[in-house]
Amino acid sequence: MTEMKKKQAQQSADQSVNEYVEPIEHDDRYILEVSRLKTYYPIKGGLLQKTVGYVRAVDGVSFRIKRGTTMGLVGESGCGKTTVGRTILRLTEKTSGQVLFNGKDIYGLGRKELRSLRPKMQIIFQDPYSSLSPRLPIGEIIGEAVREHEIVPGNEYRQYLDQIMENCGLQPYHKDRYPHEFSGGQRQRIYIARALALNPDFVVCDEPVSALDVSIQAQIINLLMDLQQKYSLTYLFISHDLSVVEHISDTIGVMYLGDIVEFGSKTDLFARPLHPYTRALFSAIPVPDPTVRMNRIVLEGSIPSPADPPSGCKFHTRCAQRMDICSRVAPEWRETEPGHYVACHLYDEQS
Amino acid sequence: MRNYVIKRLLLSVVILLFVALIIYTIMRSIPTSYVESIARQRASLPGSKSYSEWLEQLNKVYNLDVGILEGYVRTLINMVRGDFGDSWHYNVPVTQKFTEVIWFSFVLGAVAFILEIIIAIPLGILSARKQYSKTDYAVTVFALIGISLPTFFFATILKLVFAIKLGWFDLYGTVGRYYFQLSPFGKFLDIAKHYVLPVATLVIISIGSLMRFTRTNMLEVLNSDYIRTARAKGLSEARVINYHAFRNTLIPIVTIIGGTLPSLFSGALITETLFGITGIGKTAYDAMVSADIPFSMFYLVFLAVLTLLGTLISDILYAVVDPRVRVS
Numbered sequence: 031m032t033e034m035k036k037k038q039a040q041q042s043a044d045q046s047v048n049e050y051v052e053p054i055e056h057d058d059r060y061i062l063e064v065s066r067l068k069t070y071y072p073i074k075g076g077l078l079q080k081t082v083g084y085v086r087a088v089d090g091v092s093f094r095i096k097r098g099t100t101m102g103l104v105g106e107s108g109c110g111k112t113t114v115g116r117t118i119l120r121l122t123e124k125t126s127g128q129v130l131f132n133g134k135d136i137y138g139l140g141r142k143e144l145r146s147l148r149p150k151m152q153i154i155f156q157d158p159y160s161s162l163s164p165r166l167p168i169g170e171i172i173g174e175a176v177r178e179h180e181i182v183p184g185n186e187y188r189q190y191l192d193q194i195m196e197n198c199g200l201q202p203y204h205k206d207r208y209p210h211e212f213s214g215g216q217r218q219r220i221y222i223a224r225a226l227a228l229n230p231d232f233v234v235c236d237e238p239v240s241a242l243d244v245s246i247q248a249q250i251i252n253l254l255m256d257l258q259q260k261y262s263l264t265y266l267f268i269s270h271d272l273s274v275v276e277h278i279s280d281t282i283g284v285m286y287l288g289d290i291v292e293f294g295s296k297t298d299l300f301a302r303p304l305h306p307y308t309r310a311l312f313s314a315i316p317v318p319d320p321t322v323r324m325n326r327i328v329l330e331g332s333i334p335s336p337a338d339p340p341s342g343c344k345f346h347t348r349c350a351q352r353m354d355i356c357s358r359v360a361p362e363w364r365e366t367e368p369g370h371y372v373a374c375h376l377y378d379e380q381s
Numbered sequence: 321m322r323n324y325v326i327k328r329l330l331l332s333v334v335i336l337l338f339v340a341l342i343i344y345t346i347m348r349s350i351p352t353s354y355v356e357s358i359a360r361q362r363a364s365l366p367g368s369k370s371y372s373e374w375l376e377q378l379n380k381v382y383n384l385d386v387g388i389l390e391g392y393v394r395t396l397i398n399m400v401r402g403d404f405g406d407s408w409h410y411n412v413p414v415t416q417k418f419t420e421v422i423w424f425s426f427v428l429g430a431v432a433f434i435l436e437i438i439i440a441i442p443l444g445i446l447s448a449r450k451q452y453s454k455t456d457y458a459v460t461v462f463a464l465i466g467i468s469l470p471t472f473f474f475a476t477i478l479k480l481v482f483a484i485k486l487g488w489f490d491l492y493g494t495v496g497r498y499y500f501q502l503s504p505f506g507k508f509l510d511i512a513k514h515y516v517l518p519v520a521t522l523v524i525i526s527i528g529s530l531m532r533f534t535r536t537n538m539l540e541v542l543n544s545d546y547i548r549t550a551r552a553k554g555l556s557e558a559r560v561i562n563y564h565a566f567r568n569t570l571i572p573i574v575t576i577i578g579g580t581l582p583s584l585f586s587g588a589l590i591t592e593t594l595f596g597i598t599g600i601g602k603t604a605y606d607a608m609v610s611a612d613i614p615f616s617m618f619y620l621v622f623l624a625v626l627t628l629l630g631t632l633i634s635d636i637l638y639a640v641v642d643p644r645v646r647v648s
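For the protein sequence lines, the chains are A and B, in the order given.
FYI, our numbering numbers position 24 of the first sequence as 54, with every residue one higher than the one before it.
FYI, our numbering numbers position 62 of the second sequence as 382, with every residue one higher than the one before it.
These are computed hints drawn from the structure, not numbers from a lab.
Wrong hints could be hidden among the right ones.
[To be verified] With a cut-off of at most 20 angstroms between alpha-carbon atoms, the simulated PhoX-like pairs for lysine-lysine come out as follows:
{"#": "1", "chain 1": "A", "residue 1": "K296", "chain 2": "A", "residue 2": "K80"}
{"#": "2", "chain 1": "A", "residue 1": "K80", "chain 2": "B", "residue 2": "K454"}
{"#": "3", "chain 1": "A", "residue 1": "K260", "chain 2": "A", "residue 2": "K96"}
{"#": "4", "chain 1": "B", "residue 1": "K450", "chain 2": "A", "residue 2": "K80"}
{"#": "5", "chain 1": "A", "residue 1": "K74", "chain 2": "B", "residue 2": "K380"}
{"#": "6", "chain 1": "A", "residue 1": "K150", "chain 2": "A", "residue 2": "K96"}
{"#": "7", "chain 1": "A", "residue 1": "K96", "chain 2": "A", "residue 2": "K134"}
{"#": "8", "chain 1": "A", "residue 1": "K74", "chain 2": "B", "residue 2": "K454"}
{"#": "9", "chain 1": "A", "residue 1": "K96", "chain 2": "A", "residue 2": "K74"}
{"#": "10", "chain 1": "B", "residue 1": "K450", "chain 2": "B", "residue 2": "K479"}
{"#": "11", "chain 1": "B", "residue 1": "K380", "chain 2": "B", "residue 2": "K369"}
All chains, full assembly: derive it from the sequences and hints.
In structure tokens form, the structure reads like this:
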């Protein structure tokens, strides 16, 4: 009863930011379907701590991920990539929109159902050190939830744990050691082992290699790709490192200030980036050849505040190809070629 | 680990020597002099020696005719031998007086301490879990009231309400009027009943800081990445809080608790005085006021030993609860 009252209060409070979203029609080829997802964080202010505004961390994002593929999500820091990853796993509550996982509405589940679904959708965080409890030996970190969810029968538990650790490049005798005794790369492998021990279908990799040095990055990326093959995993790979994303992804979404501005297959996107932001972003990829002259598109200004985003197209304040319409009307999604979507007024006349 | 403990113990001995020197110097330097007051008393008796003659004689008897450093060394040698001397104020051996009164204070301190932990830590966790909720604010206000209340005021209020108006408890003392006619169990109950108000006073005024401390640490832990990991694993909320979060909150709490060891024996002067409990707090206060050097030395050095032990214990506990600082 109180639960319902709370919900009602929540709804009436959020009416200004909440909007009705057409239910997604589930297509079984896709493991994850996200429709117009919004995550706003209230800004409290004043004497009575009233909500005076919202940080629009994620502002109406839609995408789908096919089973067994990897979607890369790129964008500069603060554009809401991480919040997308957390909101689709319901680690952060959404404001509106819909998330279907295997056809199930994540936000329609009760506490218990959500808990039993958790092992199927896992996440790997950026900083493997702070994400591992310093008080637990790693065997316990990896195995705890395996026991809790009874992923394997009790008598096979030890064997299963050893197997997972070996698959992730760890020695089973490491079990009794604590996270601080490992190097950065090992810690990330521990974290990957932790996620995979639960036998997930879908893993959000939230900048899993950003905290590691380059030689280790390659190891971890290759490990993730090997494991994807082995366990037929689906990844959402969040990163600001375009070369890493190019290496691992099948499809890529480009985010700017809480919106996905362009979405397409990796080959399409790298061959023909359409959105001016994507072009600017891709022009910054370093080329390992000193004789090549780089034509960098340098964006002016800094990223606007997500609490007070620009009107119309959010990118218009920094766009070199800005038109009159851009500051007034938000651009619609357009499919310029099969599977390649862009939200930009430059492509209006084509349709 | 063993070497570390031995090293720390040796270091503690050196610290103790200096602490004892400081205490002795202060006791010798304070304006009140036990010897002078006795000499003045004796000299005022009819037909007695003069004040200065008495003073000279008494100084010799009480070993005060030597310099501070020499007096310190003599006292120290006696203390090492286990001879703490007689209390000047109480006229009995120091250790005898001490053992007579310490248990009243210890029981009072220990019961209050245990209750404080039992109440403050869960409250702190509760208000951290429901940060900025009504519960949180209520707990915080309660804690702040406790911290702000002066002991003498709060104890007096408690006495007025529960002893005078309601008549549930006696105003003073540790035993009731009919104590000696009671059965052993009845005696225990009688004593327990007399401890209710003093313990309540101590608990309520001291609960706030531990509760706030727990809350702050719990909040920090709850916002950490590994708690998000624990939630992402699909663990139950109870397990996330009790197993993952609480374990990590324990680290700083343990150090605080180790540091409170001396307070179990130091007594609570105001509370003891108000409730007429002859504990160590009151006893030591009277000894110090009358410049009773042997008793004050024993009491203060004893507290110094406990303080050093307390920090050592909390350092060891730190290593026990936090694998990161374990010395290999």
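Taken at face value, is the distance from the CA of A/K80 to the CA of B/K450 at most 20 angstroms?
Holds, at roughly 18 angstroms.
With a cut-off of 20 angstroms on the C-alpha distance, tell me whether B/K450 and B/K479 pass.
Outside the cut-off at roughly 35 angstroms; violated.
Take a quick look at whether A/K80 and B/K454 sit within 20 angstroms of each other, Cα to Cα.
15 angstroms, holds
Take the C-alpha atoms of A/K74 and B/K454, compute the straight-line distance between them, and say whether it is at most 20 angstroms.
17 angstroms, holds
Do the alpha carbons of A/K260 and A/K96 lie within 20 angstroms of each other, as the hint requires?
The hint holds at about 17 angstroms.
Are the Cα positions of A/K96 and A/K134 separated by 20 angstroms at most?
15 angstroms, holds
Check the hint pairing B/K380 with B/K369 against an upper bound of 20 angstroms on the C-alpha distance.
The hint holds at about 16 angstroms.
Straight-line Cα separation of A/K74 and B/K380 no greater than 20 angstroms?
74 angstroms, violated
Check whether the Cα positions of A/K150 and A/K96 lie no farther apart than 20 angstroms.
15 angstroms, holds
Is the straight-line distance between the alpha-carbon of A/K296 and that of A/K80 20 angstroms or less?
At roughly 44 angstroms apart (the allowed maximum being 20 angstroms), A/K80 and A/K296 break the hint.
Proposed proximity, A/K74 with A/K96 (alpha carbon, max 20 angstroms)
39 angstroms, violated
In this structure, the earlier hints numbered 1, 5, 9 and 10 are contradicted, and the remaining ones agree with it.
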